[in-house]
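So the protein lines, in turn, are chains G and R.
Residues 1 to 278 (our numbering) are what the first sequence spells out, left to right.
Residues 1 to 278 (our numbering) are what the second sequence spells out, left to right.
Please keep in mind that the hints were generated in silico from the structure rather than gathered at the bench.
Honestly, I wouldn't trust all of these hints.
Put simply, identical chains are the same to the list, so a pair is met inside one copy or across any two.
Below, in silico cross-link-like pairs of lysine to aspartate or glutamate (EDC-like), each with a Cα-Cα straight-line distance of 20 Å or less [stated by the list, open to error]:
hint	residue 1	residue 2
1	LYS105	ASP91
2	LYS250	ASP220
3	LYS252	ASP220
4	LYS147	GLU53
5	LYS147	GLU169
6	LYS105	GLU53
7	LYS88	ASP141
8	LYS88	ASP132
Bear in mind the structure is a predicted one, so any value in this text is a computation, not a measurement.
Chain by chain, the residues:
2 protein chains.
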Amino acid sequence: MSMTRRDFAITAAAALTTTSAIDRAQAQATSGTAQNHADHDMSSMPAHWMGSEQIAFLIYPQFTALDMVGPHHMLTSLMGATVHMVAKTLDPVVSDAGLIVSPTKTFEQCPADLDVICVPGGTSGTLAAMQDEATMRFLRDRGGRAKHVTSVCTGSLLLGAAGLLDGYEATSHWAARPLLPIFGARPVDARVVRDRNRITGGGVTAGIDFGLFLVGQLRDPEYAEAVQLIAEYAPDPPYDAGTPARAPAKVKTMIDDMFVGFIAEAETVSRTAFASRR
Amino acid sequence: MSMTRRDFAITAAAALTTTSAIDRAQAQATSGTAQNHADHDMSSMPAHWMGSEQIAFLIYPQFTALDMVGPHHMLTSLMGATVHMVAKTLDPVVSDAGLIVSPTKTFEQCPADLDVICVPGGTSGTLAAMQDEATMRFLRDRGGRAKHVTSVCTGSLLLGAAGLLDGYEATSHWAARPLLPIFGARPVDARVVRDRNRITGGGVTAGIDFGLFLVGQLRDPEYAEAVQLIAEYAPDPPYDAGTPARAPAKVKTMIDDMFVGFIAEAETVSRTAFASRR
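Input sequences plus hints: build the corresponding full structure.
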């Protein structure tokens with residue numbers, strides 16, 4: 001039958017959810033041969049490849065779409081997981097680059113207890129969301145109970161504003177990372193930073209590394225490798241300017257200057273939001 | 001003022017479109033100092049950084065969202081460019097992973113002459129689109145005149161079915177690449193393949209490399225480096241299984257088996273579609 005990235009989850013899930021298959025899988029798991037896919041029978045996969053996570057992405061006006069779609073691609077490959085696109089209302093949400101995405105759940109409709117909450121970043125839209133009481137209330141509530149509290153890019157400013165990074169190591173977009181101490185967080189210069197159940201990703205494209213990392217955490221390395229192969233994730237950037245350290249000085253200076261105003265505004269909003277977090 | 005990824009385009013465009021700024025930029029371009037951003041005055045950017053491209057992404061039911069959103073992120077950073085999300089109707093389109101995206105233009109509303117048409121891939125949804133006459137008619141028409149005819153992942157099967165890759169080197173998702181000769185194309189094992197005005201990307205995540213490559217082609221390397229730095233695109237995959245050659249044999253075999261059915265179905269659909277392309 002036709003097996004594809006999406007089918008990978010659907011078909012395998014169907015196979016595993018037949019009692020006999022689960023018995024078979026569990027028998028293999030206990031017999032220690034769970035990793036043996038020699039016969040490539042989907043129903044012979046280890047039982048722990050089948051999950052039941054409730055995963056929610058928070059989206060808001062002017063969010064950066066790639067911050068969300070990178071990890072969304074990876075996490076929707078988790079067999080048995082349910083992925084929700086959550087926003088203040090069900091009205092379509094327009095990203096900072098004009099992509100129009102429809103939410104599937106409002107704040108009220110989102111499951112109360114989440115396995116993963118993931119917050120994408122943005123710029124002016126992120127600062128607006130930090131000042132939106134309904135958004136912060138939702139984040140404090142779900143983030144306070146979620147098994148994994150996560151973000152990509154400047155989404156960590158939203159987690160921080162909600163008081164969710166106080167005393168944790170975290171990262172953010174390289175330009176916003178110096179703001180993290182405002183929230184009591186310790187900035188770490190890395191693509192993916194895990195501190196207990198907080199997992200934060202760096203700027204925009206780091207969301208793909210973050211998403212694949214989380215897949216490995218929620219299943220196992222072999223499952224993550226399968227997802228990586230299906231996504232043909234063997235990146236080969238045509239230029240080498242992806243970090244301030246690697247970018248040509250002229251480019252670095254130009255972009256630094258571009259961010260000056262945003263960072264100043266973000267610092268003010270961050271201090272105010274964190275001070276009034278309760 | 002606040003300068004951000006999106007503002008990069010908007011503000012710089014505003015600056016450049018003031019007559020005095022354009023005069024300044026053109027004067028610099030002719031004086032050969034166009035690349036000198038020493039004063040970091042946005043309005044002193046080279047005139048050629050300001051474009052006017054008409055760019056269209058074709059989306060269809062069950063497309064793979066990351067195939068489109070990766071390059072969309074990069075191409076929406078092109079100052080002066082207009083990016084359209086084109087579909088058969090304006091009804092929201094649901095991706096293979098359940099992401100709901102709203103088109104901005106129907107086939108009829110899409111500009112007749114495009115600078116770039118980009119087709120994302122998918123699996124069963126892509127095969128369905130190859131068999132949809134309205135979709136193929138749109139692709140043959142716009143693709144026949146577009147300055148750059150492009151795809152990501154199995155989107156190259158749609159280009160091929162429309163007869164747009166006949167006699168061209170191209171790539172696709174690694175599992176679908178062997179199908180390209182059906183369309184008269186020469187398969188190349190690379191993340192991004194350019195042959196004259198055809199530019200095709202590999203599977204899913206290759207769309208980001210493709211998008212950044214195209215930004216460099218439509219502007220210049222320095223512009224692309226600025227976009228790469230803002231996107232913090234310095235990938236660092238937590239696993240190393242992104243190609244059949246790098247994935248563990250067990251994972252490779254498992255995924256190969258998963259694709260068998262899809263590839264067989266895709267081959268039949270491809271032969272039929274290519275045979276009836278006119």
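Hint check:
1. LYS105 x ASP91: Answer is both: 10 Å inside a copy and 19 Å across each meet the 20 Å cutoff.
2. LYS250 x ASP220: between (42 Å within a copy, 14 Å between copies)
3. LYS252 x ASP220: Classified as between; 16 Å across copies, 38 Å inside a copy.
4. LYS147 x GLU53: Intra 10 Å, inter 45 Å, cutoff 20 Å: intra-copy only.
5. LYS147 x GLU169: The answer is within: 17 Å in one copy meets 20 Å, while 47 Å across copies does not.
6. LYS105 x GLU53: Classified as within: same-chain Cα gap 16 Å, cross-chain 36 Å, threshold 20 Å.
7. LYS88 x ASP141: within (14 Å within a copy, 41 Å between copies)
8. LYS88 x ASP132: within (10 Å within a copy, 36 Å between copies)
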